[in-house]
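Note that the numbering used here gives residue 195 to position 195 of the sequence shown, counting from 1, and the numbers run on in steps of one.
Note that these hints are calculated values from the structure, not bench results.
Source: prediction; values computed, not measured.
Glycine included, every Cβ here is placed at the ideal spot set by N, Cα and C.
It cannot be assumed that every hint is accurate.
Label pairs and their in silico Cβ distance ranges [said to hold, decoys possible]:
id	residue 1	residue 2	range
1	PRO399	ARG297	55 to 61 Å
2	THR469	PRO280	46 to 52 Å
3	LYS121	ASN390	46 to 52 Å
Calculated lysine-lysine pairs in the PhoX-like style (CA-CA distance at most 25 Å, straight line) [what the hints assert, rightly or not]:
id	residue 1	residue 2
4	LYS405	LYS369
5	LYS248	LYS290
6	LYS266	LYS255
7	LYS260	LYS290
8	LYS290	LYS266
9	LYS248	LYS121
10	LYS248	LYS266
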Amino acid sequence: MSTGKGLMATQFVKPDWLLYNSFSFGMDGLGAIGCCTFRPGTCSTCYSLLNVGPGRPAACQARSQATRREIHVVDHDSIDVADLAFMIAEVPTVSLRLALVSRDLDWEVAWGEVVIDRPEKTAFRTWRYASNLYIEREVPGPIAALLVGGKQEDVDGVTVLPPKTTSNALAERLPGQQRRHDLVTPWPRTEWRISHLQTPATAQQGLLVGDGPTFLSADAAVSAFFDAAASRMVSSRPAWRIVRHEQKAWIHRVKITPTKLVVRVKGSGLAGTSIELSSPTSHEQRPIGKQGTATFRLRESLPAHTILCLRTSDRWLDYRYFGDLTPGTRDDSIEWEQPGAELELLIAGGEGQHVEFKESLREESTRRKAMRTVAAFASWNSGTILVGVNDEGSVVGIPPADRDKVAVAITNAIRTNVTPEPPYAMRWIEHEGRHVLAIEVVADTQWHACGLQEPRFYVRRGASTMPATLPEIAMGFGGG
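Start from the sequences and build out the full structure, keeping to the hints where you can.
This is how it looks when you write it as structure tokens:
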């Protein structure tokens, strides 16, 4: 392996262990796996890139099957990093992103990301600075598995040292269109997060100028490289984030009319699947046919707390929950031909952690309170402010002639009062001839302050917006 810091913009270099027996995950406390050393003829669970023959060792086969059961079934869990590394190694190629910090003659991973079954082609990127290096490549799964498992590896001629991490990974399985950690996908996905044992060094301080875009700080470069976003708190970012896209069966489009709900499903594994529509008062289930569509008749408008679930006999594949419509996050897969029903679902639960009603924003004091709520939603848990709905949940609406004026005033108020300006969207919803403005605010990984003279941080507690406490602020900045 190379010990220098050179970077070659060439084809991936295979390390020696892919050709010769020299290494085992049984070393350094990652768990002995008996026969599973890196040598030609062993199975993919042992990280060999060779085909598996009939002589596959029984112990290795059992370990592989156990790992698949653990990783594929649970929705929320804490799993061993070694098990996760085994899964990555079984994938022929993965997308690898690394934010590296100079360490003597080598580079140490400050933050890393592995994407499995990425739908689009992996970008080939290299941003190099005096003490920081950012690279994105498509690499063999075993290479990424070694790095995640805590072993040094070469990536395009660069000797990469893994970060010191916990021995377990937190796993979460997410349905399509659900945002988590600045990522939303049309199909379901599973995410694993492995934490640092200590805060990584960012090495270079101040302005980053080099063979890549110029940034004010290393934090800004990390946010741009991984999230294509402005500078955010990287202290809350895990050492490793592993994302697996799951496109075998997923909900592509849902159309809701006053009399029916039509769902369109896509994927390569639709055989044996069905779609279920359940609410507290009703339940229906339809098989998914060759056309990938199913239709449900609605006696009235769609009930609150309805679940649309694409499933097998005992496992969900994708779902949509029509409870509070996940305020603050717009679901582009849902098409409403009865916008009033969408508003009714938002109002049904009343004001709470994710929903705020404002009859109007004409008064300065009311606008100030609304801006505090915008800051709280953006800093903590996302949410929707409905302008044109009074405290009792009645739709009073905004006069059509005032729509443009109201939208401009709110845009200016957010830009002026909330720092930094948060991610949000505004849209109009019509209900029985009345117009309501929905301000949908998406939480991100940084605090947003409200106020010009005395900026303060705010959080949402139930249906109230309150100043954040010092422990809450510390937690938000990665100190909790």
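Status of the hints after comparison with the structure:
no.	hint	result
1	PRO399 with ARG297: 55 to 61 Å	37 Å, violated
2	THR469 with PRO280: 46 to 52 Å	36 Å, violated
3	LYS121 with ASN390: 46 to 52 Å	51 Å, holds
4	LYS405 with LYS369	19 Å, holds
5	LYS248 with LYS290	14 Å, holds
6	LYS266 with LYS255	15 Å, holds
7	LYS260 with LYS290	20 Å, holds
8	LYS290 with LYS266	10 Å, holds
9	LYS248 with LYS121	18 Å, holds
10	LYS248 with LYS266	8 Å, holds
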